[in-house]
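Enquirer: Residues per chain, in single letters:
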Amino acid sequence: MTELTTRQFIFVCLFLGITSKLMSMPVALYDSASNDAIWSILLGFVIEISLAILICLVIKKHPNSSLFSLLKNSVGTVLAYIILIILYAFITIKLFFALEEVYTFFKEFLYDYFSPLMFALATFFVIGYLSYKGARTIGRVLEILFPIIILGLLVTVLSNAGFVEFNTQMPYFKEGILPSLEGTLKNVFYFGNSIPLLLFVGKVKISNHFILKSSLAYLSLAIFVSGFCFAYYDIFGHSTILGLFALIDYSQYNPYILDLQRLNWLSIIVNVTKLFCSTSIMLYCLGQIGKMITHTQSTFIPIVVACTINFIIATFINYEIDAIKYIVTHYVSYITLAIILLVAILCIIMIAKRSQNVKNTIQ
Amino acid sequence: MDIKKKIEDLKKDFSNTCDLITKELTTKDSQKVALVFIDNVVDQLILTTSVIAPLQDLTITSSTDIADTAMQRILSYSQVSEVKTKTELINGILNGFCAILFESSEKILIVKCVKWIVRLPVEPPTSAVVKGPREGFVEDIMTNISLIRKRLKTPTLKIENFKIGCKTNSEVRLLYLVDVADPLIIDKVRAKLNQIDIDGIVDSNYISEYLSAGKHYLFKQIGYTEKPDIATAKMLEGRVVILVDGSPIALTIPFILLEDLQSSNDYYTAPMRATFLRYLRLFAGLLAILLPGIYVAVLCHHIKVIPIKILITITNSIQGIPLSPLLEMLFIIFLFETLYEASLRMPRYLGLALSVVGALILGETAVSAGLVSPPAVLIVAITGVMSYTLPELTSQISLLRLIFTILGGFMGLFGLILGTVFLIGYLANMDSYGSPYLAPFAPKIKSDLKDGLMRTGIPNLDTLPKSIKNKKKRRTQNDRTNN
Amino acid sequence: MSKTLFNKIIVYVVVIFLLILMPSEINLPNQSTIQAICTGLAIDVDQNNPEGLSVTSQIVIPQAGGQYKQSVTIVTTEGKNLLDALNKMDYQIGKKLRLSHCCYVIIGYQASLHDLSKTLDYLVRGNNTGNNIVLVHTTGLARDLIEGTTSVNTNEVDNLQTITKYNDEYLASNDANLKSFFDDYMSPHSTSVINCINRTKSQSSGDSSNSGGSGSSNSSGSNSGSSIDSQAIEKDTIKNNGEISIFKKGKLVMVLDNEMRKKFNWLDDGLRETSVVLEHIDSEIFDDATIGFTLLDKELKSDFSIQNNQPTVHLTLNVRLRTEMILQDNGEVLPNKTYNDQVIAHAFNELANNDINEVIALEQEYGFDVFNYYHEFEMADYQGWQKYLNSLDDPENYMKNIQVFIKVNTDVYGISSIIKSFK
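Chains as they are written, first to last, in the numbering used here: chain A, 13 to 375; chain B, 82 to 564; chain C, 1331 to 1753.
Next comes chain A alone, as it looks inside the complex:
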């Protein structure tokens, strides 16, 4: 039951990958790694891309089987359920973080008063609709929005590129390589964005050069994000840590366009649309996991449950984004690291599994 074309799958990869990478990640990394932050980002991308390629290999090797049956065959039923629950929890946190980012963005930059209840209801209605309609609809929506978003992002990023001086952050590694390593490890949560791709096993129509195409997509994402972060650190220099959301600060900064600086509409629209897309993908993944765990036919109830869980978390953890960022960088990151390792091992097992099967059938 393939629902996505390769092209649409690549857009899913890109939209998932870019979640919070242009917003709170640059500031958080600068906080941990200071002027070596750009190296932390590159290192983080190495982790993310390797994991993504592993998952893509699994998707390519098993184009016709579902994740659940694959897990069951590889590690047994009980472990499969446990892994699914872990994935569910992780994606829930990711979704919550992404939504909190959108909410904070609106509250801080656009509204005087912004009702959280209103926000939650409206957002869950739309992303719930998209994820309920399935990967096919999400894929098509991404296809429509991708050119617009990428154009908007490029215009936003390039508009200030003239101010980059290339050496503001140098010299690197003043205190050795440790701060940059620490920066990556503390913020590895931001680089776990490829984990939800696991849910697309068996849903993608594999075309030629599937692995090459997805790796290139991830590589270009890495280049784009690192380029943006480099420009951002270079322009904002030491006052970077006073920022909240990198892209918004960045797009507002242009001393020459005094009137147009107010027109940072582009970045607002692009950013929010982007986040809606990625959150709906995550919610879709949650729905799929819920469907696998409960063995229901439709994803309707799993999606409603996932929305409710997020809503409850949001109501009880009524923190500001900074507090959540602190929790994420100090506690969740280590769990993320463990999950990334787990998923990597799982992927290797699943890839190996396939090759055994092939041998059997040949015999």
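Everything labelled a hint here was simulated from the structure, so no lab data went into it. Just so we're clear, the structure is a prediction, and the values are computed from it rather than from any experiment. Where is the CB? At the ideal position from N, CA and C, for every residue including glycine. Mixed in with the good hints there might be a few duds.
In the DSSO-like style, the derived pairs of lysine-lysine whose C-alpha atoms are separated by at most 30 Å in a straight line are [stated by the list, open to error]: (1) A:Lys145 with B:Lys269; (2) B:Lys390 with C:Lys1418; (3) C:Lys1448 with A:Lys119; (4) B:Lys212 with B:Lys86; (5) B:Lys212 with B:Lys234; (6) C:Lys1426 with C:Lys1592; (7) B:Lys269 with B:Lys86; (8) C:Lys1579 with A:Lys186; (9) A:Lys72 with B:Lys525; (10) B:Lys92 with B:Lys244; (11) B:Lys527 with A:Lys145; (12) B:Lys531 with A:Lys225; (13) C:Lys1338 with A:Lys145; (14) B:Lys553 with B:Lys301; (15) A:Lys73 with A:Lys217; (16) A:Lys145 with B:Lys301; (17) A:Lys145 with B:Lys86; (18) A:Lys119 with C:Lys1425; (19) A:Lys217 with B:Lys554; (20) C:Lys1426 with A:Lys119; (21) B:Lys554 with B:Lys269; (22) C:Lys1730 with A:Lys119; (23) B:Lys553 with A:Lys217; (24) A:Lys119 with B:Lys390; (25) C:Lys1338 with B:Lys301.
Among the chain A residues that face chain B by a calculated CB cut under 7 Å, a handful are [said to hold, decoys possible]: (26) Pro128; (27) Leu129; (28) Leu133; (29) Val138.
With chain A's structure known, arrange chains B and C on it following the hints.
Expert: Relative to the frame of chain A, chains B and C by itself:
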């Protein structure tokens, strides 16, 4: 049986309607014959020359049946056939045939001498062209078929006949090119047409609602056209066309959103100009939907994102307006829609007066009375004009504009973005007979993009659209896939 | 069945929710009626309380059918800090003051003697302002300057920005905004440069009569820049004299006048089109001449090195000049446009050398570092620089022991000189 008795029986079947005319004749050898037909439907000239005259001249030999002889004689003048059942007879008379009853024979003949009132195929008001063919469909189905046949001189054009409506008995024709159209689509349409159970259809729109799949009420899933050239072009791309007797509007299936952005004019002008116009229509349509919403959202929620000079100009001109921006905008939109509806429904000579009243007096006085502000009037007027760049989508645009205005007022920019994403999701989810509604953009179909928003030269448009399922791949004669 | 029921319930919930919201949201007023838009701030020290601040704000309050100038009002409040003063301002004007359109912040002289980072922290940390607010320093009262910008003869409320933008060609002033100030403040060299603009009041006999100036409370008949209106008598002006103020650790170190600023210009990277005048040139061609040039091209090569704990800078300045004016003492008019005389080059080299030496001496005396040599040395030799800093008694004053060697190469160039060479 006595011929008088037969006529009486027939009259009873027609509830003794006064326009059922009966005429009794005697042939040369004094046989009694009766003609039964409906007044004004039958052409008197044909009746006299090809029915009455041959019948009066009729002489029979004793061995032959008078009906057979009459049939042979009349056959040389007009289309004649024998009816076996009463229903056939009644339907025949209703469809403008003249029935011939004989005293000495039980057989009944019907002769075609119909003369419906037919309009000339003039240029339809809904789709006028600057350059290009000006013929339009009319209410008569036979004329419409002849208009299509005139353009498609191929034996692969197949026409299937359906009769729908137990009272109206309307003729519905399904037209397609056997070697292009996808059999699955044809089967599906055929099945749906056969399923229709209704007392009558007076326009093709009745059928189109039966043919729409699912509960997608906002956007249409069936294409409409009033022009034979468009219908022909669509059939060449593998669509099927449905003609309904009594309606000048042909239905085309499947339908995708892109068709509303295109216009037949595009193919009669230079490709660059056509491309520009398509982008223009798209942006005008988007702005028509979003502009009032953006205006309300900005004023109610985010004045901080407008440049200071524009802000001061706007805020100075809206000081002292008693209504809130959302209410004000809704009021003007309401006014605008009312004017539009009224000017459509009013007699034409009054409509002209109304548009002048609406545009000048209402707008001007409302502004000078301080009820509404000039920017709001300006924005609704602009969006009103913009929405007519997509005449097929005007009704959808005006509804969406209302929704987006409310969203903008309630939730600001967030609501607008949310609404847009939802709208795209809603459209992306739709399918029309297996064609993705947003094709060729989502999913992207590379070969169709050359006639997407951008139009390349017609020689380059040699492939058939893949977004519509069809048997052929290329328009050229040597199609390797053509079996 | 249950799904359709659930669907219906969700629809009902949304509808009820919308109905509850309806009355409040549908009447949401135009924001500009409940908010005041601040376009500029002026910060002075409170006269009565040296610890507090006196904040003056230029506010746009919309007027039905009004123009810009009628909508602008000046309001002053005092408070313990910026936030306190702005809060008081809300009460005073009866509207919530919005800083989202604030284009510039003017710092008065007294306020600049305190740590500016503390004063301005509210503006840069919160998310309610844009991050390219232009910072302007004035040697008088900031309030005076902001009142002057509310000019009755222009339609612009942000004309101060236009005035500072004129300063583009000068050192570091083009991006002297809040963000760059804080960036410099938080950098190790902690030296910031911002524009200094003053209001100069002159004696005037008559009152300039302006029609329709009813809206603004404090719009005195001031006139910014050059007066085009011949009838209006120039009472006072806001002039960009090309002065810049140098801040170290957020406190004012000194204000440089135009002449001194031009000397700093030699050491700034990039081309700044400017003019140079050499006086008393005596040679075979010239007789005690005054020659004016335009700087066509400037290239500064800097070589930073640390040897034996001694930071050294080798500066090579390559300059191309075009002759613009030759005034001979004896009144003789020279026929050619350009004279590529070694004497000129020599004189110019001397001038640049002296200027640069003067700048370095000033930097070493006051301990500020406009050109971020800290960063340059760090880049050149990180370990050596750290060692050097550790060896100092006062690491703040690292400029003191830096040696600077200067070499200037001059090329005088003109269109006519090429034509001449063909003859």
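Enquirer: Against the structure shown, which of the earlier numbered hints fail to hold, in ascending order?
Expert: 4, 6, 7, 17, 22, 26, 27, 28
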